[in-house]
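Protein chains in written order, with my numbering: chain A, 1 to 386; chain B, 1 to 224.
Only true hints are included.
Here are the computed distance ranges between Cβ atoms for each label pair:
| # | chain 1 | residue 1 | chain 2 | residue 2 | range |
| --- | --- | --- | --- | --- | --- |
| 1 | B | S127 | A | L139 | 24 to 30 Å |
| 2 | B | E4 | A | K135 | 53 to 59 Å |
| 3 | B | V51 | A | N34 | 39 to 45 Å |
| 4 | B | R35 | A | D199 | 35 to 41 Å |
| 5 | A | Q336 | B | Y211 | 45 to 51 Å |
| 6 | B | P128 | A | A296 | 57 to 63 Å |
| 7 | A | V97 | B | R73 | 40 to 46 Å |
Here are the simulated lysine to any residue pairs, SDA-like style, with alpha carbons at most 20 Å apart:
| # | chain 1 | residue 1 | chain 2 | residue 2 |
| --- | --- | --- | --- | --- |
| 8 | A | K100 | B | L117 |
| 9 | A | K377 | A | T277 |
| 10 | A | K134 | B | Q130 |
| 11 | A | K134 | B | T131 |
| 12 | A | K100 | A | E74 |
| 13 | A | K100 | B | Q130 |
| 14 | B | K141 | A | P155 |
| 15 | A | K100 | B | L118 |
| 16 | A | K92 | A | T81 |
| 17 | B | K141 | A | A156 |
| 18 | A | K371 | A | T357 |
| 19 | A | K100 | B | R133 |
| 20 | A | K135 | B | R134 |
| 21 | B | K141 | A | T117 |
| 22 | A | K100 | B | R134 |
| 23 | A | K371 | A | L327 |
| 24 | A | K100 | B | F132 |
| 25 | A | K100 | B | S116 |
| 26 | A | K370 | A | T330 |
| 27 | A | K100 | B | R115 |
| 28 | A | K93 | A | H44 |
| 29 | A | K371 | A | N325 |
| 30 | A | K100 | B | T131 |
| 31 | A | K100 | B | S127 |
| 32 | B | K141 | A | E120 |
| 33 | A | K100 | A | T73 |
| 34 | A | K100 | B | L129 |
| 35 | A | K365 | A | G309 |
| 36 | A | K377 | A | E290 |
| 37 | A | K371 | A | L358 |
| 38 | A | K301 | A | H379 |
| 39 | A | K100 | B | P128 |
| 40 | B | K141 | A | H115 |
Source of the hints: derived by calculation from the structure; they are not laboratory data. Computed from a prediction, not measured in an experiment: that's the story for all the values here. For every residue, glycine included, the Cβ atom is placed at its ideal position computed from N, Cα and C.
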Amino acid sequence: MAVTPVVAGRSATLKSTLPISSELEVRIRKRFPNPEGTFSLNVHFRALAGFTILFGASGAGKTTLLDCIAGLTEPDEGRLTAGGEDLYDSEKKMNVVAWKRNIGYVHQDLALFPHMTAQENVEYGLRGLSSSEKKERSLAILDLFQIADLRERPPAEISGGERQRVALARALVTEPRALLLDEALAALDRPTKSLLVGDLRKWNQHHRVPILFVTHNHEEVFALGDEVIVLDAGRIVAQGRPHEVMRAPRMEMVARLSGFENIFDATVMALHETRGTMACRLEKSEIELETPLVRAEAGSKLRVGIQAGDLLLATEDPHGLSARNILPGTIRRLLQRDVIVSAMVDCGGIEFEVHLTLAARDGLKLGPGKKVWVVVKTHSCHVMEA
Amino acid sequence: MNWEAFWLTVRLAGLVSALLVVIGIPVAYWLTYSRWRWKFLVEAAVALPIVLPPTVLGFYVLVALGSRSPVGRWWESLTGHTLAFTFEGLVIGSLLYSLPFAVQPFAASFGAVDRSLLSASASLGHSPLQTFRRIVLPLSKAGLVTGFALSFAHTLGEFGVVLMVGGNIPGVTRTISIDIYDQVEAANYSSANETALVLLVISFVVLSVVYGVNRKAWVVGPWR
Numbered sequence: 001m002a003v004t005p006v007v008a009g010r011s012a013t014l015k016s017t018l019p020i021s022s023e024l025e026v027r028i029r030k031r032f033p034n035p036e037g038t039f040s041l042n043v044h045f046r047a048l049a050g051f052t053i054l055f056g057a058s059g060a061g062k063t064t065l066l067d068c069i070a071g072l073t074e075p076d077e078g079r080l081t082a083g084g085e086d087l088y089d090s091e092k093k094m095n096v097v098a099w100k101r102n103i104g105y106v107h108q109d110l111a112l113f114p115h116m117t118a119q120e121n122v123e124y125g126l127r128g129l130s131s132s133e134k135k136e137r138s139l140a141i142l143d144l145f146q147i148a149d150l151r152e153r154p155p156a157e158i159s160g161g162e163r164q165r166v167a168l169a170r171a172l173v174t175e176p177r178a179l180l181l182d183e184a185l186a187a188l189d190r191p192t193k194s195l196l197v198g199d200l201r202k203w204n205q206h207h208r209v210p211i212l213f214v215t216h217n218h219e220e221v222f223a224l225g226d227e228v229i230v231l232d233a234g235r236i237v238a239q240g241r242p243h244e245v246m247r248a249p250r251m252e253m254v255a256r257l258s259g260f261e262n263i264f265d266a267t268v269m270a271l272h273e274t275r276g277t278m279a280c281r282l283e284k285s286e287i288e289l290e291t292p293l294v295r296a297e298a299g300s301k302l303r304v305g306i307q308a309g310d311l312l313l314a315t316e317d318p319h320g321l322s323a324r325n326i327l328p329g330t331i332r333r334l335l336q337r338d339v340i341v342s343a344m345v346d347c348g349g350i351e352f353e354v355h356l357t358l359a360a361r362d363g364l365k366l367g368p369g370k371k372v373w374v375v376v377k378t379h380s381c382h383v384m385e386a
Numbered sequence: 001m002n003w004e005a006f007w008l009t010v011r012l013a014g015l016v017s018a019l020l021v022v023i024g025i026p027v028a029y030w031l032t033y034s035r036w037r038w039k040f041l042v043e044a045a046v047a048l049p050i051v052l053p054p055t056v057l058g059f060y061v062l063v064a065l066g067s068r069s070p071v072g073r074w075w076e077s078l079t080g081h082t083l084a085f086t087f088e089g090l091v092i093g094s095l096l097y098s099l100p101f102a103v104q105p106f107a108a109s110f111g112a113v114d115r116s117l118l119s120a121s122a123s124l125g126h127s128p129l130q131t132f133r134r135i136v137l138p139l140s141k142a143g144l145v146t147g148f149a150l151s152f153a154h155t156l157g158e159f160g161v162v163l164m165v166g167g168n169i170p171g172v173t174r175t176i177s178i179d180i181y182d183q184v185e186a187a188n189y190s191s192a193n194e195t196a197l198v199l200l201v202i203s204f205v206v207l208s209v210v211y212g213v214n215r216k217a218w219v220v221g222p223w224r
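Chain A with its partners taken away, still in its complex shape (with noise of 0.2 Å):
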């Protein structure tokens, strides 16, 4: 561990020497505007050791819920515990100033203090220690993050990615008890976030702190969650493990938040037990899919959800692929946006949406009308109940 241990003196607030009972938790209900109006925030949700992402739209609640528990905004009523200690209580009138609460917050513009060197911004934190041990405690994080080498240099002459660990770390230097990351790593390319979310990962094996991830980009649930939360209009709508909430969300909601372009009502046509999949038929149309095999029965009514991402056109019919799905359809619109274009494919009374690149609109000489063939593979189509 590169920690030292702390004077005694500290202990109270760094709690190092203390064992940490690391679960968060959160009852809270609190009125917060958005641009569409007054949403009531209602939550009720444990957190223990380890990630838990809070998942949601923009607009869901989800930095207001962060900003009650770091004690920045008060909860209109409930009550937050942090490892078994309250930090608010409506009923006991009781709310613990944010100062004194000792909970990490990475915000998402990271607020780095622009006056200050990488190591003092580290170090700021470290309060009634000797300058000596606030170095050496502030050197071994900046070291564990690999930042080492910048801590002379201030925020404004380091890059987006550096700037993210100096403030991982100095938010993790005073040992909280618990951590709360808000998009934090939202500005990072894929592999520079993974490298940190190893650090992190490292630093919590020691420390075991719940460490609560706001984010609104479904491919980072699935790289993080130990478990999800998934917030709507200040609700949780579903929780559990990301591949049980995300992969085959039961909920239209869930799915539409996860990129679920394409949701669709299905008939169970035929189960194939051996081969683990099963027919569908869509509702007014007469495009059967095989889909992967859930508990059903044939007749049962279900959904059918497909990214967009997920799906490919083809200008010929298409042979010797392993896809199982290959419907015959027209292209009725292009929509681009940004650097992806939407296809809208009518496939005989369905349209599917369909994301391509711009190559592969301009390669293919996709327009409207022309004739295509959409490519859906099995274990593309995710089944949630109707």
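The hints should help you fit chain B onto chain A, whose structure is shown.
Same frame as chain A, but now just chain B:
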């Protein structure tokens, strides 16, 4: 050139702007962070000297400092003389007269510090006052220099308040702007011109400092 009046004025402006840093910082802190619903009334009161004729301000200060007011009587019992027509009285009048020129830049620069830095500081265990000392004040250096310089320059050139509160006592309350007035009255134009020029140069230098510390790189222009 009346050097006695010059040094008296510099002494007055230096003392007033230094005191205004001490008084202005807490006032600006309160104006920046208070959520009191009637705060705007205090803001308006602090800004009053900007629009009020100096003679009006001077008149009220004179009345307040005179031997008929409780403040004046208290001071008289303490020191044996009234505040009116003294250097101390001049200092008090000038403090009020230049208050907005210190408080407004202070408050503006405190308010410009990103709130997320304050949240971060709180999450790192610092109380609002500690945060103010270690984050807000260092990041408000330009505003502090501006407030100091503007109140210095403003006090340097005051006329109406000085005349009302201090009178025109050489070496005690005769400031440089009053000296210029006297010289013009006596048709002593070359001397008035000399003194006025000194005041003009000092004011220009002070304002250059203000704009210099507040400049952004891109304001300087592409020829740099």
